[in-house]
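Given chain G, work out where chain H should sit, using these hints.
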Amino acid sequence: MKLTGGQIVCESLIREGVAVIFGLPGGANLPLYQTLPQYPQIRHILVRHEQGAGHAADGYARVTGKVGVAWATSGPGATNLVTPITTAQMDSVPMVCITGQVARSSIGTDAFQEADISGITLPITKHNYLVMHASRIAETIKEAFYIASTGRPGPVLIDIPKDVFNEEAEFQYPDEVDLPGYKPVLDGHPSQIKRAARLIKEAERPLILAGHGVILSKAYEELKELAEKAQIPVITTLLGISSFPENHVLSLGMPGMHGMAYTSLAIDDADLIVGLGLRFDDRVTGKISTFAPKAKVIHVDMDPSAIGKNVKVTVPIVGDVKRVLRQLNQAVEPAVHLGWLEQIEEIKRAHPSNRIRETDSLIPQFVIKQLAEVTEGKAIVVTGVGQHQMWTAQHYGFIEPNSFISSGGLGAMGYEVPAAMGAKVGRPDKTVWSVAGDGGFQMTMSELATMVENDIQVKFAIMNNRFLGMVRQWQEFFYKKSYVATHYTHNPDFVKLAEAFGMLGVRVTDKTQVMPAIQQAMEYNGPALLDFMVEEEENLYPMIPPGTSTAQLIEEPVEEKAKWHR
Amino acid sequence: MAQMKHTITALVSDKPAVLSRVSSLFRRRGFNITSLAVGNCEIPGMSRMAFVVEGDDGIVEQITKQLRTLIDVIKVSDISKADFVSRELALIRVRANSTNRSEIIQLVDIFRANIVDVAPESLIIEVTGDEDKIESINDLLKTFGVTEMIRTGTVAMMRGMAGGTEETQATNLPRSRSDATS
Chain G
1 MKLTGGQIVC ESLIREGVAV IFGLPGGANL PLYQTLPQYP QIRHILVRHE
51 QGAGHAADGY ARVTGKVGVA WATSGPGATN LVTPITTAQM DSVPMVCITG
101 QVARSSIGTD AFQEADISGI TLPITKHNYL VMHASRIAET IKEAFYIAST
151 GRPGPVLIDI PKDVFNEEAE FQYPDEVDLP GYKPVLDGHP SQIKRAARLI
201 KEAERPLILA GHGVILSKAY EELKELAEKA QIPVITTLLG ISSFPENHVL
251 SLGMPGMHGM AYTSLAIDDA DLIVGLGLRF DDRVTGKIST FAPKAKVIHV
301 DMDPSAIGKN VKVTVPIVGD VKRVLRQLNQ AVEPAVHLGW LEQIEEIKRA
351 HPSNRIRETD SLIPQFVIKQ LAEVTEGKAI VVTGVGQHQM WTAQHYGFIE
401 PNSFISSGGL GAMGYEVPAA MGAKVGRPDK TVWSVAGDGG FQMTMSELAT
451 MVENDIQVKF AIMNNRFLGM VRQWQEFFYK KSYVATHYTH NPDFVKLAEA
501 FGMLGVRVTD KTQVMPAIQQ AMEYNGPALL DFMVEEEENL YPMIPPGTST
551 AQLIEEPVEE KAKWHR
Chain H
567 MAQMKHTITA LVSDKPAVLS RVSSLFRRRG FNITSLAVGN CEIPGMSRMA
617 FVVEGDDGIV EQITKQLRTL IDVIKVSDIS KADFVSRELA LIRVRANSTN
667 RSEIIQLVDI FRANIVDVAP ESLIIEVTGD EDKIESINDL LKTFGVTEMI
717 RTGTVAMMRG MAGGTEETQA TNLPRSRSDA TS
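So the sequence lines, in the order shown, correspond to chains G and H. Its first residue numbered 1, the first sequence is counted upward by one per residue in my numbering. Its first residue numbered 567, the second sequence is counted upward by one per residue in my numbering.
If we strip away everything but chain H, and leave its shape as in the complex, we get:
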């Protein structure tokens, strides 16, 4: 089966060690995480995590099932098969001087990125987009010299009314049913 990237989101209780529980599970089961993002969500006391993982369908099914075994994990969705939006934010520090600064600014405009810091020898560029867009601008900026980059990791959401709290409550009880019928 083909290795492909899957985007998985998980609603988790905002309790101590929940991040360790999740990352420990990925480590001990040998699952590869490409990116992980976590933060507050629309429900008080809960957080939502987004993972990008690599693997075939069997591995991704195991990942979602294993995540569901954690008591603090409330809902897990592999949203890659549905229509979804994914975004990531990156800050990139690039070498810049009076001769090439305008060229960089043009590039930033094309990518609808922002310049958030200007120094005599460098610029900090803030860019938001899916993974491909961030890779692209980073590749182009490399020709000027990227001295530092930091990324938030991908966050993602299904399009339309498919996801979110309402569905969480509706599917709360038989959360393993989808496994039984798959």
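Chain G with its partners taken away, still in its complex shape:
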């Protein structure tokens, strides 16, 4: 059967189970778009900016575990995907981006809307392709989905020239891929499993550090089994949040720069770290030489190059976290560490960084706590990047697996708007809250139109402090309060803005209004936005300044009269 390149793309995507595409057409991918009406089973969501398409595909992929798909045209359409692609690469999110390219005869001539997107994305994709013949499209898409979704997942870009979409070729979708250079290892090496089990048995003060890999491999039950069987407290990295329920007695919060003080201090004392699907990022470790100074390290990761890259590892295990944990759970013997748990409780009592100050004014931590209460810790919460992200990570108390969605590695502000849209499209059954900063929100807020247009009912909570808050805090701590270029003196009226887009908008200036506003937004049949006018110069604690250790830990100053919420 002969089909056009455009038809082959759609046929192939359908065979990969793609139900939703986020995209925006232009000259170079128009022939692809014009085939869409023939495929009503594919839902296309027209975004307002390609960055929105990319982050939405990412949010969709994170909540569903499926490959997210974004389409863009050549040149600026493609370059607008660069930030979302890098975000997905840093956070190991399976994504396939299909971009239009100028016609083959124009490639290399600096043609209108020509950009070498396969060259540009070469260092930020897991793999990428420039497809020069329609006959190569099917096998390329097959490979792209396989590469994106297996091993350590990541983004794959496929660039297709305009005339290739029109070229006809015989269509036959391949059954398998031929990639001799790509064979992810899934099971842990048995001798390494034995060595790991022995270290766990010998440990007196063990800790588990669970990262995004636990969520990517859906190893929630296996993680719980290991923690309970060997009685090991579980620390979750930023992207590991919601891999382990935070109401579990063994849950020990987030480590690192803005982690809980007790979490970081416990790591100082630990004699064994069991790292599961994480890369020991600098925001987690601080100064490498002072990280977990007394601990041996077991490091399980899908990506061999992540092991031994940052911290010295005693037992490296390459493999899928879920499968390795199953092996490990069989080899590990039940254990109790009551002394260690008691020691951690003492550290917690001395450093209660999970509590929040009682204030008259509205502070973001209070809003997060209230949001957690109304949603019972069970909403999918998408954040941007900055103080509000950390407060959400610290105080929401995630219970449901895979319910915290955030741009961790790249730290892309603006992620919170389109990623929440993608998350809601992927999980329409769930309540999706986007906790946003007023800075990041303004980077991508054009997607509100997309949400209203498609009735994608995301609820937004803007922590509006009129500052680029995290940067302001660094200026306060490290630059003597010299607030250069961080103060937004004239933000738009977000409530009017919401109304202009056709959503519900409510301003909240007082603590008593928080709960009713959240309830109102939840009950509203449509996307809604709450503009929380929070304290301008509220600081985020605890903080371990970059490149230092717990010796430099800054905790929230305690005033004598201060009262604390539990």
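None of these hints come from the bench; they were simulated from the model. Treat the hints with caution; some may be incorrect.
Example chain G residues on the side facing chain H (calculated, C-beta under 10 angstroms, incomplete) [to be verified]:
id: 1; residue: Asn128
id: 2; residue: Gly181
id: 3; residue: Asp303
id: 4; residue: Pro304
id: 5; residue: Ile307
id: 6; residue: Lys309
No more than 35 angstroms apart at the CA atoms, straight line, and that leaves these computed lysine-lysine pairs for DSBU-like [said to hold, decoys possible]:
id: 7; chain 1: G; residue 1: Lys294; chain 2: G; residue 2: Lys312
id: 8; chain 1: G; residue 1: Lys229; chain 2: H; residue 2: Lys631
id: 9; chain 1: H; residue 1: Lys647; chain 2: G; residue 2: Lys312
id: 10; chain 1: H; residue 1: Lys699; chain 2: H; residue 2: Lys581
id: 11; chain 1: G; residue 1: Lys481; chain 2: G; residue 2: Lys369
id: 12; chain 1: H; residue 1: Lys581; chain 2: G; residue 2: Lys322
id: 13; chain 1: G; residue 1: Lys294; chain 2: H; residue 2: Lys699
id: 14; chain 1: G; residue 1: Lys309; chain 2: H; residue 2: Lys581
id: 15; chain 1: G; residue 1: Lys66; chain 2: H; residue 2: Lys631
id: 16; chain 1: G; residue 1: Lys309; chain 2: G; residue 2: Lys296
id: 17; chain 1: G; residue 1: Lys312; chain 2: H; residue 2: Lys571
id: 18; chain 1: H; residue 1: Lys631; chain 2: G; residue 2: Lys142
Everything numeric in this text was worked out from a predicted model, so none of it was measured. Backbone N, C-alpha and C define an ideal beta-carbon position, used for all residues, glycine too.
The following block gives chain H in isolation, referenced to the frame of chain G:
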């Protein structure tokens, strides 16, 4: 740990951009390449690359692991620890006239190099050998005046039956096992 030179070979798919993928990886990870050579190999559709890199053991381990993350890279070996042969070819243009030409020819003979072009004012010398040999002849020729030099970069191979296609196929599946057991 000591900085030392390592010779790494990689079997790669002969696809567009494979050289950019590899060189981009070296650049963005801050790895230093002393030399890089690439060409066809015994398997149709594949090429073999040879790199000489400088760094301690940790860096070289990262380089090999990072290379393996590339989809088009099929097999990577750090062959420096084994017994291996390495060769490089250089063309050197040296100033020469009737008075010193014979002296240069003697030197060329000692190094088992060849003279491939003779002009009234210069000679082109072709020399093959490991890096040290090429450095040595170049140093000696400098006294006459080297006006141009070009080198291919080092190519290398393990001695005996240790390397090559057969082993590639045998170790194809668990290619990360060596990392797990190291």
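Taking the hints in turn, this is what the structure says about them:
1. Because the smallest distance between the Cβ of Asn128 (chain G) and any Cβ of chain H comes to about 8 angstroms, under 10 angstroms, the interface hint for this residue holds.
2. Interface restraint check: Gly181 (chain G) against chain H, minimum CB-CB distance 4 angstroms, threshold 10 angstroms, status holds.
3. Restraint check, Asp303 (chain G) versus chain H: the minimum CB separation of about 7 angstroms is within 10 angstroms; hint holds.
4. Because the closest C-beta pair between Pro304 (chain G) and chain H is about 4 angstroms apart, less than 10 angstroms, the hint holds.
5. Look at Ile307 (chain G): its Cβ gets to within about 7 angstroms of chain H, closer than 10 angstroms, so that hint holds up.
6. The criterion of a C-beta within 10 angstroms of any C-beta in chain H is met by Lys309 (chain G), whose closest approach is roughly 6 angstroms, and the hint holds.
7. Straight-line distance between C-alpha atoms of Lys294 (chain G) and Lys312 (chain G) comes to about 12 angstroms, which keeps the hinted pair within the 35 angstroms bound.
8. Restraint check for Lys229 (chain G) and Lys631 (chain H): satisfied, since their Cα atoms lie roughly 34 angstroms apart, inside the 35 angstroms limit.
9. Restraint check for Lys647 (chain H) and Lys312 (chain G): satisfied, since their Cα atoms lie roughly 22 angstroms apart, inside the 35 angstroms limit.
10. For the hint linking Lys699 (chain H) to Lys581 (chain H), the alpha-carbon distance of about 34 angstroms falls within 35 angstroms, and the restraint holds.
11. Restraint check for Lys481 (chain G) and Lys369 (chain G): satisfied, since their Cα atoms lie roughly 29 angstroms apart, inside the 35 angstroms limit.
12. Distance restraint check for Lys581 (chain H) and Lys322 (chain G): the Cα-Cα separation of roughly 34 angstroms lies within the 35 angstroms cut-off, and the hinted pair is therefore satisfied.
13. With a C-alpha separation of about 49 angstroms, the suggested pair Lys294 (chain G) and Lys699 (chain H) falls outside the 35 angstroms cut-off, and the hint is violated.
14. About 29 angstroms separates the Cα atoms of Lys309 (chain G) and Lys581 (chain H), which keeps this hinted pair within 35 angstroms; it holds.
15. For the given pair, Lys66 (chain G) sits about 27 angstroms from Lys631 (chain H) by alpha-carbon distance, which is consistent with the 35 angstroms threshold.
16. As the CA atoms of Lys309 (chain G) and Lys296 (chain G) are separated by approximately 15 angstroms, the hinted pair is consistent with the 35 angstroms bound.
17. For the proposed pair Lys312 (chain G) and Lys571 (chain H), the alpha carbon gap of about 23 angstroms is at most 35 angstroms, so the pair holds.
18. Only pairs whose Cα atoms come within 35 angstroms are accepted, and Lys631 (chain H) paired with Lys142 (chain G) is accepted, the gap being roughly 25 angstroms.
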